[in-house]
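Residue numbers (UniProt numbering): 1 to 264.
Honestly, the hints are just simulated from the structure, not real lab data. Keep in mind that a hint or two might mislead.
Unchecked claim - Capping the alpha-carbon separation at 30 Å, the derived lysine-lysine pairs in DSS-like fashion look like this:
#: 1; residue 1: 3; residue 2: 242
#: 2; residue 1: 254; residue 2: 194
#: 3; residue 1: 194; residue 2: 3
#: 4; residue 1: 89; residue 2: 127
#: 5; residue 1: 127; residue 2: 3
#: 6; residue 1: 194; residue 2: 127
#: 7; residue 1: 256; residue 2: 194
#: 8; residue 1: 256; residue 2: 89
#: 9; residue 1: 256; residue 2: 242
#: 10; residue 1: 194; residue 2: 124
#: 11; residue 1: 254; residue 2: 242
#: 12; residue 1: 89; residue 2: 254
#: 13; residue 1: 124; residue 2: 89
#: 14; residue 1: 89; residue 2: 242
#: 15; residue 1: 242; residue 2: 194
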Amino acid sequence: MMKLAVNLSMIFTEVPLIERFALARAHGFQYVEIQFPYELSIEQIQTQLTLHDLGLCLINVPAGDLMQGGNGLAGVPGQEIEFHRALEKAIEYATALNVSSVNILAGKQPLDSDLLPCLNTLAKNLKLACSMFAVHNIQPVFEMINGTDMPRFLVQNIAQAQEMLEAVRHPALKMQYDCYHMAMMGEDVLQGLKENIQDIGHIQFADCPGRHQPDTAQIPYADIFQWLSQSPYTGFTAAEYKPQAHSSHSFAWKDKYFAKHPQS
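Can you make the complete structure from the sequences, with help from the hints?
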């Protein structure tokens, strides 16, 4: 049974974040994810989750200046104290809101830094996150992001993610597998899922190119959703795309694919 979620940071952006929970429920979703929920208080989010009978399945650790074009925190030497504070903030939200997985964004290689120290810093910080999350039964995941949309991102493809898993060597750590980013990197999206599903803790999807909803470009989502529905994967599969038009008109894929495959 697939566990389907919708990303409130990229979908329903026609209204403020606090109003998107109601829209998620109105379109039949039982779970939501939010990239950075910190603009709302824990109490505000809990009220919306309770009011609309929703679960919050994923948030990101605060990433410093990454989303504003900066280098971020997790893989940046000298930012270890700030990263530790970011972990504490994420844990505060995740424990209060019963969030099952928290994503750690690696960040970028600074222009004045060599690659190896950045990767070593990232590995140490991921080990710290695993240790801190384990106390609260939170699943740590880290994401591969394509180097076209985010140049100098430290983990861009499957091979690099596998190398980081090997460097960290913590059984709880998993990949967050975004089908769009993998397609942008030239990966075979379905084959990547099949070969790495045991190391994947969270899946996100958008079509490529364009990053719009499924069936607007080239990723074979009929095959992907069919395989996932029969796979051993037990994590969430989340819609994280830029609606091609109004968000409410972007869910043809949901009726097409998920009416056939039961979802929790």
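Quick rundown of the hints versus the structure:
no.: 1; hint: 3 x 242; in the structure: holds (21 Å)
no.: 2; hint: 254 x 194; in the structure: holds (22 Å)
no.: 3; hint: 194 x 3; in the structure: holds (18 Å)
no.: 4; hint: 89 x 127; in the structure: holds (17 Å)
no.: 5; hint: 127 x 3; in the structure: holds (27 Å)
no.: 6; hint: 194 x 127; in the structure: holds (26 Å)
no.: 7; hint: 256 x 194; in the structure: holds (22 Å)
no.: 8; hint: 256 x 89; in the structure: violated (38 Å)
no.: 9; hint: 256 x 242; in the structure: holds (19 Å)
no.: 10; hint: 194 x 124; in the structure: holds (28 Å)
no.: 11; hint: 254 x 242; in the structure: holds (15 Å)
no.: 12; hint: 89 x 254; in the structure: violated (33 Å)
no.: 13; hint: 124 x 89; in the structure: holds (19 Å)
no.: 14; hint: 89 x 242; in the structure: holds (27 Å)
no.: 15; hint: 242 x 194; in the structure: holds (26 Å)
Checked against the numbered hints above, the structure violates hints 8, 12; every other hint is satisfied.
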